[in-house]
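Q: Please arrange chain Y on chain Z, whose structure you already have, making use of the hints.
The residues making up each chain are set out below.
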Amino acid sequence: MGTDFLLKIDALSVSFGGVKALENYRLNLEASRILGIIGPNGAGKTTLFNLITGFIRPDTGRVFFNGRNITRWEPYRIARQGITRSFQNICLFGRLSVLDNVVAGCQIRRRPSFASTLFRTRAFLRDEKKLQDRARHLLSVFGLEQQAERRAMNLAYGDQRRLEIARALAAGPRLLMIDEPAAGMNPKETQDLLDLILELKARFSLTIILIEHNMNLVMPLCETVQVLNYGRLVAEGTPAQIQRNPEVIDAYLGDR
Amino acid sequence: MRPERRSFYTLAAIGLFFLGICLLEMYGSHYDRRVANLMMIYVILTVSLNLSNGIMGISSLGQIGFMSIGAYVAAVLTLPAGLKERWLTGLPHWLSTIQAGLLPAMVLAGVLAAVVAFLVGIVILRLQGVFAAVATLGFLIIVKVIAENWMSVTRGGRGISALPAYTNLWWTGAAALVTICVVLRIVKSPHGRSMLAVREHDLAAQSIGINAPRIRLLAFVVSAFFTGIAGSLWANLIGVVSPGSFYLWLTLLIIIMMVVGGMGSVTGSVISAAGFTILLELLRGFENRIAVYGISYILFAAVFMLVIIFRPDGVMGDREFSWTLLQRAAAFSRRKSP
Chain Z
1 MGTDFLLKID ALSVSFGGVK ALENYRLNLE ASRILGIIGP NGAGKTTLFN LITGFIRPDT
61 GRVFFNGRNI TRWEPYRIAR QGITRSFQNI CLFGRLSVLD NVVAGCQIRR RPSFASTLFR
121 TRAFLRDEKK LQDRARHLLS VFGLEQQAER RAMNLAYGDQ RRLEIARALA AGPRLLMIDE
181 PAAGMNPKET QDLLDLILEL KARFSLTIIL IEHNMNLVMP LCETVQVLNY GRLVAEGTPA
241 QIQRNPEVID AYLGDR
Chain Y
257 MRPERRSFYT LAAIGLFFLG ICLLEMYGSH YDRRVANLMM IYVILTVSLN LSNGIMGISS
317 LGQIGFMSIG AYVAAVLTLP AGLKERWLTG LPHWLSTIQA GLLPAMVLAG VLAAVVAFLV
377 GIVILRLQGV FAAVATLGFL IIVKVIAENW MSVTRGGRGI SALPAYTNLW WTGAAALVTI
437 CVVLRIVKSP HGRSMLAVRE HDLAAQSIGI NAPRIRLLAF VVSAFFTGIA GSLWANLIGV
497 VSPGSFYLWL TLLIIIMMVV GGMGSVTGSV ISAAGFTILL ELLRGFENRI AVYGISYILF
557 AAVFMLVIIF RPDGVMGDRE FSWTLLQRAA AFSRRKSP
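Sequence lines, in order, name chains Z and Y. Each residue of the first sequence is one higher than the one before, counting from 1 in our numbering. Each residue of the second sequence is one higher than the one before, counting from 257 in our numbering.
Pulled out of the complex, with its shape left as it was, chain Z reads as follows (with noise of 0.2 Å):
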């Protein structure tokens, strides 16, 4: 079921305390597609990103990725699996160093036995450089090889979102979800994260699903747009399409 499509969902729902903030979700996503998600404030876009990544047990429905049921796994297997994200609220290993905290995605695939790490085999220390090298490569593709060595916290609000993408990415996702990466971005900014999400995309053979308020960024990236409003998908279809359809207009602007 569902092998034609990357990332199937059906009939997705949670509800908190009563407040339904999924409700009826579906989609069927093919590989190598960046899907935007837009929507107004508190309409279930995160929620949904929790749900997909297993931070969040939904009430009913089931998620594919690969053809493989991945509903109610724990978040750490669906991202060995090949789902990893970023977080809105940015959430970094804000004491460690920004190459660390690449090399803590990297590791995902490589991981020594607990008995190689105490007597430092030789294949320890050859895959400890690999890792090494890999984050660096990483790094330099988000050009913050300058700053490998400083904390995490330490860095630039711009820099801390590109940290979070090169993160996800470094634990070698099949499917990457960014959750408002040009939050709080000018421009000229948004225009360069535009630019490496689509280099990103080709480099990696990426299939990108994207939450973003920001049209400058959804219109010219995502070949498909679904709108949520109050958890229930009200639209969906190219960023044209979304940009007539009168129950978007409704959703962000209200009755008129």
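Because the hints were derived from the structure by calculation, they are not lab data. There's no promise every hint is true.
[What the hints assert, rightly or not] Quick list of simulated restraints, FRET-style, between CB atoms: (1) Z:95 with Y:558: 49 to 57 Å; (2) Y:558 with Z:57: 48 to 56 Å; (3) Y:582 with Z:192: 41 to 49 Å; (4) Y:508 with Z:192: 48 to 56 Å; (5) Y:387 with Z:187: 40 to 48 Å; (6) Y:581 with Z:60: 50 to 58 Å; (7) Y:275 with Z:97: 32 to 40 Å; (8) Y:382 with Z:122: 32 to 40 Å; (9) Z:97 with Y:538: 33 to 41 Å.
[Said to hold, decoys possible] Away from chain Y, derived, C-beta distances all over 12 Å, residues of chain Z: (10) 78; (11) 233; (12) 249.
[To be verified] Here are some of the chain Z residues that sit facing chain Y, going by a computed Cβ distance under 8 Å: (13) 75; (14) 87; (15) 93; (16) 100; (17) 105; (18) 111.
The beta carbon of each residue, even a glycine, is placed where N, CA and C say it ideally should be.
A: Frame of chain Z, contents of chain Y only:
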């Protein structure tokens, strides 16, 4: 600095360390050796506490409970067989007729403490922050109450005395060195990086594939293992184990040593534990001379408070001592002095 040079310095330091042990064992007074042994035991306790509390960020107050388990395991194993049959009537026959040496006692003490930590950890490590602190304190109390009341195995409040004085500096020194080495290797490995990541942000760590409950359990169990070993060394150094020895005073002492050394810094813990052991002995001597009893603890607390006021992150913060650091510090002081 080149890596070969660094490992040369490290080996030289280890060599000097064992030379020091050798000299103390040959020429040191009974008192000198006792203080040095206690110092090594405190180093083990503080470094392993730092693994669970500083590096992993578990707010555990139950650490000394594992030391108690280790000490009682060693006591039960190393007590002469004749005394065992008289005092510890609850032991199975095969156990009451043997007397183990220090090495098997140490290993079993560590392993049993680790097994208990594993079982306790599965339950307690779901909790975080102050809840974990209260739950682990509960564990410490439970261990003490069991030790006080399981008369046929622990001899209750009277404790088990007349333990053979197996412990010497070779054992404590080697155990401390192994503890430091193992914890440092864990910290500088993917395991350690996962621990730090989970400490810094649990959810973010899980989002990149780190199994947070599992890595917490690993830190807790390894920490308990070495703490149990410290307990066994302590039992065969002091010669007596009783429930009250492993309680709030030691708990506070090692927490203070860890905080002053710097939470997250293994070398900081070593420096701090060694420093405080000497300080406590000096203060005790001072107290005896001026005959104002209790003053040593007041001064001890004052030193602790002063450090926390002027260096809130402890002496080392979360950094580690390295030869490069020493080199830089030396260069810095040369530049400053005329």
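Q: Taking the hints in turn, state whether each one holds.
A: Right, here's what the structure says about each hint:
Remark: the range hint 49 to 57 Å for residue 95 of chain Z to residue 558 of chain Y is contradicted by a beta-carbon distance near 29 Å. Evaluation of the 48 to 56 Å hint for residue 558 of chain Y and residue 57 of chain Z yields a pass: the beta carbon distance comes to about 52 Å. A C-beta distance of roughly 42 Å is found between residue 582 of chain Y and residue 192 of chain Z, which places it inside the suggested range of 41 to 49 Å. For the hinted restraint 48 to 56 Å between residue 508 of chain Y and residue 192 of chain Z, the CB-CB distance of approximately 53 Å keeps it satisfied.
A hinted range of 40 to 48 Å for the beta carbons of residue 387 of chain Y and residue 187 of chain Z is consistent with their spacing of about 46 Å. The given range of 50 to 58 Å is respected by residue 581 of chain Y and residue 60 of chain Z, whose C-beta atoms sit roughly 57 Å from each other. Hint check: residue 275 of chain Y to residue 97 of chain Z, Cβ distance near 36 Å, so the stated range 32 to 40 Å holds. Here the CB-CB span from residue 382 of chain Y to residue 122 of chain Z is close to 38 Å, well matched to the stated 32 to 40 Å.
Residue 97 of chain Z and residue 538 of chain Y have their C-beta atoms about 39 Å apart, which keeps the hinted 33 to 41 Å range intact. With a minimum CB-CB distance of about 9 Å to chain Y, residue 78 of chain Z fails to clear the 12 Å threshold, and the non-interface call is violated. For residue 233 of chain Z, the condition that its CB be more than 12 Å from all CB atoms of chain Y holds, with the nearest at approximately 24 Å. Non-interface status of residue 249 of chain Z relative to chain Y is upheld: no Cβ of that chain comes within 12 Å, the nearest being about 34 Å off.
Checking residue 75 of chain Z against chain Y: minimum C-beta separation of about 4 Å stays under 8 Å; hint holds. With a least beta-carbon distance of about 7 Å to chain Y, the hint placing residue 87 of chain Z at the interface is held under the 8 Å criterion. With its C-beta approaching chain Y no nearer than about 4 Å, residue 93 of chain Z sits inside the 8 Å limit, and its interface hint holds. Satisfaction of the interface hint for residue 100 of chain Z is found here, the shortest Cβ-Cβ separation to chain Y being roughly 6 Å, below the 8 Å cut-off.
Checking residue 105 of chain Z against chain Y by beta carbon gives a least distance of about 4 Å; that is within 8 Å, so the hint holds. Checking residue 111 of chain Z against chain Y by beta carbon gives a least distance of about 6 Å; that is within 8 Å, so the hint holds.
The structure fails to meet hints 1, 10 from the earlier list, while all remaining hints are met.
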